[in-house]
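Visitor: Take a look at the letters that make up each chain.
Number of protein chains: 2
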Amino acid sequence: MATRSNAEDIFKCVNNDLEKVRERMAQIADSERDFPELSGMLCYILSGGKFIRPALVIMSSKFSSSSDEPIISMAIATELLHMATLVHDDAIDKADKRHGHPTVNSQWGLEKAILLGDYLFSVAGTLTASTGSLRVVRLFTNTLKAISRGELKQSFAAFQLDKSYSDYLERIVQKTSSLFVMATESGSVLSQTPEEMVQALHDYGYNMGIAYQIVDDILDFTGTEEELGKPTGSDLSQGTITLPAMMLLERYPKNNPIKLAFQGYEIADNLRKATEMIISSGIIDECYHIADSYAQKASKNLDKLPDNIYKSALLELTRFVVQRKE
Amino acid sequence: MATRSNAEDIFKCVNNDLEKVRERMAQIADSERDFPELSGMLCYILSGGKFIRPALVIMSSKFSSSSDEPIISMAIATELLHMATLVHDDAIDKADKRHGHPTVNSQWGLEKAILLGDYLFSVAGTLTASTGSLRVVRLFTNTLKAISRGELKQSFAAFQLDKSYSDYLERIVQKTSSLFVMATESGSVLSQTPEEMVQALHDYGYNMGIAYQIVDDILDFTGTEEELGKPTGSDLSQGTITLPAMMLLERYPKNNPIKLAFQGYEIADNLRKATEMIISSGIIDECYHIADSYAQKASKNLDKLPDNIYKSALLELTRFVVQRKE
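Protein chains in written order, with the numbering used here: chain X, 1 to 326; chain V, 327 to 652.
To list a few chain X residues with every Cβ distance to chain V over 12 Å, as calculated: (1) Y44; (2) Q192; (3) G233; (4) S234; (5) M246.
With a straight-line Cα cutoff of 30 Å, these simulated DSS-like cross-link-like pairs (lysine-lysine) come out: (6) V:K346 <-> V:K423; (7) V:K471 <-> V:K556; (8) V:K420 <-> X:K230; (9) X:K97 <-> V:K471; (10) V:K346 <-> X:K145; (11) X:K94 <-> V:K471; (12) X:K145 <-> V:K479; (13) V:K420 <-> X:K94; (14) X:K163 <-> X:K259; (15) V:K420 <-> X:K97; (16) V:K471 <-> X:K153; (17) X:K20 <-> V:K471; (18) V:K471 <-> X:K145; (19) V:K423 <-> X:K94; (20) V:K623 <-> V:K651; (21) V:K585 <-> V:K423; (22) X:K50 <-> V:K471; (23) X:K20 <-> X:K97; (24) X:K94 <-> V:K556; (25) X:K97 <-> V:K479; (26) V:K346 <-> V:K471; (27) X:K94 <-> V:K479; (28) X:K145 <-> X:K300; (29) V:K651 <-> V:K585; (30) V:K376 <-> X:K145; (31) V:K420 <-> X:K145; (32) X:K153 <-> V:K420; (33) V:K423 <-> X:K153; (34) X:K145 <-> V:K423.
Worth flagging that the hints you see were computed from the coordinates, not collected in a lab.
C-beta: ideal position from N, C-alpha, C; glycine also.
Looking at chain X on its own, in the form it has when it is part of the complex (with noise of 0.2 Å):
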């Protein structure tokens, strides 16, 4: 296995134009300054981010004769989809930090949370439209619809147990794959990318993002709170089976801690064995291993592709996504 690498190691191929991203999204800001309040909040979610979505609306771009505008526009507009669905996903959740700094809901309460991330939807669709390309708007209509679809679909799943591996992969396709497609699918419709590379890049979108949702999953078990920026066991506590958690439940269908902790028995302690087990079990390695064969797929999805720096990026990316420790 390669040494590991980290996510700015394999985009330094696309820095320039990342560079490009990171100022005209800090120039987002600063147009509403007017409003400071929402500049304010706009400036603290702006900054940061591993820019994976960005980088791959850019990469995706490269194997075409590439419209620099365009392109720049729908990464920033893949970039703000998906932290307008964060800032309501920790709405939901409640949750008090993301990558360990402070939450918008728990710096600026609920109310705001929910009308930044309404705000922020609608600059990446104002964005997305200044494409000028109707295909790509729907893309983006329609991965908002698969977002919110599969995160509605996973909280009517909270707390129940009968829930298969095929709803799983759904929810997971819907909630994270769907913005992978998203962004490699309209960096190379933007650049005149010849239809068969589209349905590659769009292929690579699709698997990465399964691997990319199975390895957070993981994560969640496995990780460290300082890793992940927020508590360990996150999901399992909010009643998210995810699959790491499904294959404890049939492993041990019975007296198994996830159900006792559901029918409210000792929960906490409960979860707790719950995790502990997961651990210990082998069941991590399981998970990894088809993380791993969904990575595997995505890079075989780019064999339709000319060999070049940015394809080189690519295939890199399909073992960060499985090394990755946050």
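Using the hints, position chain V against chain X.
Guide: Only chain V this time, still in chain X's reference frame:
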């Protein structure tokens, strides 16, 4: 003054089109039948409503050769965007009832209300994109931006007594007029109406929106709980200073019951006293006078349109918005 009319009578001239809107809205709920919980929520909120905004889209499309399908889609998109913002508003205000029916948040909880709002944004956006007009897509995203920005302004201004009439006007233009403008402008743009008439209908929507919101703010003080379908005096109790309250603050700068309530003194008593003073002081008449002046501006905007049954209906609507009781 003409006999009091109701919205249904005024919209008779576009009844066939509104019927299509209703049918297609029912289909939206039905399209999610493989996700019964979501389908149930959609059924719940997509039935009912005065349909003022869809009617505005349709009536505004009748001054030129209209192409049916995009107009109906846009009429639905406008209503869904309106509903999405109401669902989020009610979630923010923790409102129990709207138009006499339990709100989404009181029926399904805050989490589902936030996500349903997001879902409705996406369906509205998809319908807007289906019109094939990038201009209308931009209008849509700018409208969402204006609404969320106006709501954020209102939220940050809560319990603040130093706001001016122009702050109030800016806020209601953003949160209410913007959607009326989206309705009239999109209807006329999609039917290839000459630009001068598009502008006239834009201005009509702008002024109608202001009149509509001022009357809304009046009714919050003068309406009965039965008429409003929610408690009287909701605005003040949430710290929102609307036109009538602003006038009371200006007339009685000393020992004003609103000031006292916001400082925490005998809140319920002082808020009731404020409402009584607003009603007995002639402020309500003055507010109606202002609302009426905007309604008259709106009817004046129609001078540039040819006479027909749709123009008559739009004129009638300017009287209705000022006379309505709910």
